[in-house]
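Starting from the given sequences, assemble the full structure and let the hints guide the process.
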Amino acid sequence: MATEREPPPLGDAEQTDFRELEDGEDLFISTASTLESSPTSPEPASLPAEDICANSNGPQPAEISLDDDLEDLFAEATEEVSLDSPEREPILSDEPSPAITPVTPTALVTPRVEPKTIFVPAMFERSKEELEEEANGDSFDMEIVVSDPEKVGDGMNAYMAYKVTTKTSLTIFNENEFSVKRRFSDFLGLHSKLATKYMHIGYIVPPAPEKSIVGMTKVKVGKEDSSSTEFVEKRRAALERYLERTVKHPTLLHNPDVMQFLESSELPRAVSTQALSGAGILRMVNKAAEAVNKMTIKMNESDAWFEEKQQQFENLDQQLRKLHTSVESLVCHRKELSVNTAAFAKSAAMLGNSEDHTALSRALSQLAEVEEKIDQLHQEQAYADFYLFAELLSDYVRLLTAVKGVFDQRMKTWQKWQDAQAMLQKKREAESKLQFANKPDKLQQAKDEIREWEGKVQQGERDFEQISKTIRKEVGRFEKERVRDFKAVIIKYLESLVQTQQQLIKYWEAFLPEAKAIA
Amino acid sequence: MDESQALFVDEDSKSRSVSVDLYHDSLLQVEISDAVSERDKVKFTVHTKTSLPRFKRAEFSVVRQHEEFIWLHDTYLENEDYAGIIIPPAPPKPDFEASREKLQKLGEGDGSMTREEFAKMKQELEAEYLAIFKKTVAMHEVFLQRLAAHPVLRRDHNFYVFLEYDQDLSVRGKNKKEIFGGFFKNMVKTADEALIASTSGLKVTSRFSFLYVFPTSPPSPDVAEGYIPISSVLSSLGTQESSIVNRNFLKLAELFEKLRKVEGRVASDKDLKLSDLLRYYMRDSQAAKDLLYRRARSLADYENANKVLDKARMKNKEVKQAEGHQQLCCHRFEKLSGSAKQELMDFKVRRVSAFRKNLIELTELELKHAKASLLLLRNCLISLKMEH
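Going down the list, the protein sequences come from chains A and B.
For the first sequence, full-length UniProt numbering assigns the number 1 to the initial residue and increments by one for each residue that follows.
For the second sequence, full-length UniProt numbering assigns the number 1 to the initial residue and increments by one for each residue that follows.
Worth flagging that the hints you see were computed from the coordinates, not collected in a lab.
Be a bit skeptical, because a hint or two may be false.
Said to hold, decoys possible - Dumping the calculated SDA-like pairs for lysine to any residue here, alpha-carbon to alpha-carbon at most 25 Å:
{"id": "1", "chain 1": "B", "residue 1": "Lys251", "chain 2": "A", "residue 2": "Arg362"}
{"id": "2", "chain 1": "B", "residue 1": "Lys357", "chain 2": "A", "residue 2": "Ser361"}
{"id": "3", "chain 1": "A", "residue 1": "Lys335", "chain 2": "B", "residue 2": "Ala98"}
{"id": "4", "chain 1": "B", "residue 1": "Lys258", "chain 2": "A", "residue 2": "Gln319"}
{"id": "5", "chain 1": "A", "residue 1": "Lys480", "chain 2": "B", "residue 2": "Lys348"}
{"id": "6", "chain 1": "B", "residue 1": "Lys368", "chain 2": "A", "residue 2": "Ala382"}
{"id": "7", "chain 1": "B", "residue 1": "Lys49", "chain 2": "B", "residue 2": "His66"}
{"id": "8", "chain 1": "A", "residue 1": "Lys322", "chain 2": "B", "residue 2": "Lys307"}
{"id": "9", "chain 1": "B", "residue 1": "Lys368", "chain 2": "A", "residue 2": "Gln366"}
{"id": "10", "chain 1": "B", "residue 1": "Lys251", "chain 2": "A", "residue 2": "Asp317"}
{"id": "11", "chain 1": "B", "residue 1": "Lys357", "chain 2": "A", "residue 2": "Ser329"}
{"id": "12", "chain 1": "A", "residue 1": "Lys335", "chain 2": "B", "residue 2": "Lys49"}
{"id": "13", "chain 1": "B", "residue 1": "Lys251", "chain 2": "A", "residue 2": "Lys516"}
{"id": "14", "chain 1": "A", "residue 1": "Lys516", "chain 2": "B", "residue 2": "Asp269"}
{"id": "15", "chain 1": "B", "residue 1": "Lys251", "chain 2": "A", "residue 2": "Gln318"}
{"id": "16", "chain 1": "B", "residue 1": "Lys261", "chain 2": "A", "residue 2": "Glu328"}
{"id": "17", "chain 1": "A", "residue 1": "Lys335", "chain 2": "B", "residue 2": "Lys371"}
{"id": "18", "chain 1": "A", "residue 1": "Lys480", "chain 2": "B", "residue 2": "Ser383"}
{"id": "19", "chain 1": "B", "residue 1": "Lys348", "chain 2": "A", "residue 2": "Gly352"}
{"id": "20", "chain 1": "A", "residue 1": "Lys487", "chain 2": "B", "residue 2": "Ala98"}
{"id": "21", "chain 1": "B", "residue 1": "Lys368", "chain 2": "A", "residue 2": "Leu497"}
{"id": "22", "chain 1": "A", "residue 1": "Lys492", "chain 2": "A", "residue 2": "Glu391"}
{"id": "23", "chain 1": "A", "residue 1": "Lys373", "chain 2": "B", "residue 2": "Arg356"}
{"id": "24", "chain 1": "A", "residue 1": "Lys346", "chain 2": "A", "residue 2": "Leu377"}
{"id": "25", "chain 1": "B", "residue 1": "Lys357", "chain 2": "A", "residue 2": "Ala343"}
{"id": "26", "chain 1": "A", "residue 1": "Lys167", "chain 2": "A", "residue 2": "Met142"}
{"id": "27", "chain 1": "B", "residue 1": "Lys258", "chain 2": "A", "residue 2": "Ser329"}
{"id": "28", "chain 1": "A", "residue 1": "Lys197", "chain 2": "A", "residue 2": "Ala238"}
{"id": "29", "chain 1": "A", "residue 1": "Lys151", "chain 2": "A", "residue 2": "Leu252"}
{"id": "30", "chain 1": "B", "residue 1": "Lys320", "chain 2": "B", "residue 2": "Cys330"}
{"id": "31", "chain 1": "A", "residue 1": "Lys487", "chain 2": "B", "residue 2": "Lys357"}
{"id": "32", "chain 1": "A", "residue 1": "Lys322", "chain 2": "B", "residue 2": "Glu117"}
{"id": "33", "chain 1": "B", "residue 1": "Lys385", "chain 2": "A", "residue 2": "Leu494"}
{"id": "34", "chain 1": "B", "residue 1": "Lys368", "chain 2": "A", "residue 2": "Gln499"}
To be verified - Partial pick of chain B residues on the chain A-facing surface, computed with a CB cut under 7 Å:
{"id": "35", "residue": "Leu103"}
{"id": "36", "residue": "Met187"}
{"id": "37", "residue": "Val352"}
{"id": "38", "residue": "Lys357"}
{"id": "39", "residue": "Leu359"}
{"id": "40", "residue": "Ile360"}
If you're wondering where the values come from, they're calculated on a predicted model, not measured in any experiment.
No residue lacks a Cβ here, since even glycine has one placed at the ideal position from N, Cα and C.
Structure follows, in structure tokens:
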């Protein structure tokens with residue numbers, strides 16, 4: 001597998017080399033297929049794919065497997081990139097919805113006079129974006145904190161308001177540090193806006209924390225017990241993680257909705273997020289319909305990469321779910337352990353009291369104290385288990401659902417494209433029939449329709465290309481993020497375990513002399 | 001003082017308790033050399049080495065079952081001569097039910113477990129079964145050894161029979177009537193105790209009556225078991241991932257595997273050192289309480305005898321009889337009291353030193369395990385961080 005990461009030697013035009021370049025392969029295959037399918041631009045189908053391949057270099061394959069190792073490759077690739085690529089702008093613009101930028105696809109579809117020159121910058125182009133992202137990632141100067149949950153209002157209309165504080169040095173924001181008050185439905189509203197704008201073109205939008213009617217009702221009713229404080233804390237942490245993930249995504253960060261969410265003090269209330277509202281029910285119906293649709297679309301997968309990735313994510317999803325269940329039961333067990341330890345401590349204390357041998361009595365009381373402290377430790381450890389590990393896992397299970405959704409969107413896009421092609425075919429047949437029927441006005445109409453549908457087919461194809469491209473990028477980003485995330489959390493979790501053990505050692509070492517002192 | 005009385009026998013180091021009767025220079029060494037677990041009973045091979053002339057041979061073995069131990073214990077209890085002695089508590093019935101059930105459930109197959117998980121759980125459960133088995137053997141052994149060590153109890157005729165008679169003692173388990181009768185007797189006894197305590201003028205001094213509240217030590221095998229599925233999922237995750245992440249996950253899986261073993265050991269050590277200790281001393285204290293009860297009972301008898309004597313003197317009827325009876329009671333009471341005091345002081349010393357030994361060992365073991373876990377965690381952290 002090491003060969004996958006090495007850039008193919010420059011100028012080596014052997015097709016075999018590019019077996020390993022799954023990404024590269026994809027583009028070239030689609031190039032060939034578009035060549036064949038669009039009769040308007042008659043090109044020699046023998047357009048040597050190899051030639052184009054020859055111009056690809058370092059950055060191209062490196063994009064596929066974005067393991068940490070490859071950061072070096074990226075760094076080296078800088079010199080070959082044209083920094084002033086004009087096509088950079090549309091991608092990073094502040095438009096509310098990035099129009100499906102006809103970067104590469106247009107290059108493919110328009111008369112290919114100079115496929116090489118148009119093609120190459122596009123590939124460099126993509127790598128430049130990657131580099132930008134890298135640069136952003138390394139010096140990503142944005143810190144978001146969700147804090148101070150406070151209850152606003154009373155009764156069933158009450159809600160929790162959270163303070164969202166942003167510290168940043170990025171110039172897109174007006175100030176360096178600002179904070180606003182937001183409530184849970186605001187977060188949901190933001191997510192829904194981002195999802196509608198970005199999911200259907202292939203961006204993985206981080207999912208928002210889940211609604212919980214039971215939890216919230218308890219809070220509203222004003223039950224001030226540990227379970228409701230736990231609930232609020234869990235939610236606060238989840239909201240923080242949600243925002244952090246969202247702003248880490250460079251495209252989403254520059255989205256005006258996101259910026260408005262972070263900056264402006266007043267935000268229009270997002271009503272359609274209520275679970276039982278009309279919009280909510282509509283959403284549920286849509287979801288069900290989509291699920292049915294998914295089963296009926298049988299996509300002709302021309303690209304093994306997607307299939308592989310889907311399989312991989314499916315497996316990952318299963319594993320993470322299993323792991324999550326195990327960690328949750330571990331948390332339960334630890335809590336049980338802590339309860340038992342507390343009971344034991346009490347009994348040991350009583351035992352110490354009723355013991356008349358003074359040294360033994362003292363030792364037993366000490367034992368009781370040690371056990372009490374250990375009980376505390378177990379509780380804290382259980383919290384760490386939960387907040388660090390289990391929550392991370394559940395976040396990723398949800399994220400994987402988003403990822404799978406994005407793959408589904410691609411299928412839908414493909415379906416649309418295929419449908420457009422089928423329609424075009426029909427229109428063409430109708431036109432050729434009319435040719436012999438000698439009805440000039442109908443003929444004209446038919447020709448107009450044909451042109452319209454040709455456009456749609458082109459658009460469909462462009463959309464499909466674009467979404468495929470975006471997904472590749474997104475998946476690469478996701479993988480990198482995932483590795484980083486998991487590693488960071490696991491290290492933190494292990495450190496918490498280390499802490500616990502160190503404390504245990506301290507306690508027992510303090511107790512030992514007491515035990516030895518029993519005469 | 002016999003060292004055997006001060007020690008709570010360790011499973012791992014089966015310390016032989018040698019009982020030397022300084023007055024007669026006689027050796028009576030008892031141990032359980034073998035034990036076989038059959039379907040629902042355990043057969044113990046009791047091996048005796050002795051230099052007492054009373055026995056036919058110097059070394060011999062018999063096979064005994066749990067019911068026979070109970071029979072022996074009961075004969076001691078019922079013997080008036082031993083009223084002033086703490087009778088070593090009877091060993092608890094071997095109970096493999098829980099463990100067997102778990103093994104059975106595991107065997108019936110849980111489709112959700114991978115083969116490695118299954119093997120690991122099976123190993124754990126088997127180890128548990130083995131531990132329970134070892135413990136029950138130890139309990140029976142300690143019972144016999146205490147009897148052999150006690151200067152008075154070792155001379156009991158039934159004890160010799162138990163040790164030597166190589167045929168089945170045909171001690172049938174108590175039938176329902178006897179069990180019920182025993183239960184009833186117990187209830188009467190507790191009521192009696194309370195009555196005596198409240199009516200008798202003699203305050204049973206706090207020095208000798210301890211209310212032992214026996215804490216149950218926390219069962220923590222579950223946390224250890226909880227780690228098994230985690231480590232197995234982690235390792236399966238590891239096999240799927242690309243190699244860097246793969247290495248990390250595998251490392252993590254290994255770590256959890258080792259941690260689990262350590263946690264398991266922590267739990268079993270705690271069980272051994274602390275809860276076994278407490279359980280044993282609970283039973284021993286019960287035996288001591290029984291002694292006190294017998295003493296209080298005899299005191300009550302003495303007082304009653306006094307009253308009867310007074311009444312007889314007043315009426316001047318059967319005075320001699322009453323006097324004789326009263327004298328008897330008095331003697332009995334004093335003898336009991338004297339021996340009881342000695343026994344109870346011995347008991348205290350025994351108890352204190354056993355607690356001391358076990359608490360120290362427990363602490364040292366906890367420290368050892370915590371340090372081992374710490375080392376494991378640290379190593380894993382270092383290698384994870386190095387991946388950067």
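Hint by hint, here is what the structure shows:
no. : hint                  : result
1   : Lys251(B) / Arg362(A) : violated, 44 Å
2   : Lys357(B) / Ser361(A) : holds, 15 Å
3   : Lys335(A) / Ala98(B)  : holds, 23 Å
4   : Lys258(B) / Gln319(A) : holds, 21 Å
5   : Lys480(A) / Lys348(B) : violated, 66 Å
6   : Lys368(B) / Ala382(A) : holds, 22 Å
7   : Lys49(B) / His66(B)   : holds, 21 Å
8   : Lys322(A) / Lys307(B) : violated, 77 Å
9   : Lys368(B) / Gln366(A) : holds, 20 Å
10  : Lys251(B) / Asp317(A) : holds, 21 Å
11  : Lys357(B) / Ser329(A) : violated, 36 Å
12  : Lys335(A) / Lys49(B)  : violated, 51 Å
13  : Lys251(B) / Lys516(A) : violated, 39 Å
14  : Lys516(A) / Asp269(B) : holds, 18 Å
15  : Lys251(B) / Gln318(A) : holds, 20 Å
16  : Lys261(B) / Glu328(A) : holds, 20 Å
17  : Lys335(A) / Lys371(B) : holds, 23 Å
18  : Lys480(A) / Ser383(B) : holds, 20 Å
19  : Lys348(B) / Gly352(A) : holds, 14 Å
20  : Lys487(A) / Ala98(B)  : violated, 40 Å
21  : Lys368(B) / Leu497(A) : holds, 16 Å
22  : Lys492(A) / Glu391(A) : holds, 13 Å
23  : Lys373(A) / Arg356(B) : holds, 21 Å
24  : Lys346(A) / Leu377(A) : holds, 16 Å
25  : Lys357(B) / Ala343(A) : holds, 24 Å
26  : Lys167(A) / Met142(A) : holds, 6 Å
27  : Lys258(B) / Ser329(A) : holds, 19 Å
28  : Lys197(A) / Ala238(A) : holds, 23 Å
29  : Lys151(A) / Leu252(A) : violated, 30 Å
30  : Lys320(B) / Cys330(B) : holds, 15 Å
31  : Lys487(A) / Lys357(B) : violated, 44 Å
32  : Lys322(A) / Glu117(B) : holds, 13 Å
33  : Lys385(B) / Leu494(A) : holds, 11 Å
34  : Lys368(B) / Gln499(A) : holds, 16 Å
35  : Leu103                : violated, 21 Å
36  : Met187                : violated, 25 Å
37  : Val352                : holds, 5 Å
38  : Lys357                : violated, 9 Å
39  : Leu359                : holds, 4 Å
40  : Ile360                : holds, 5 Å
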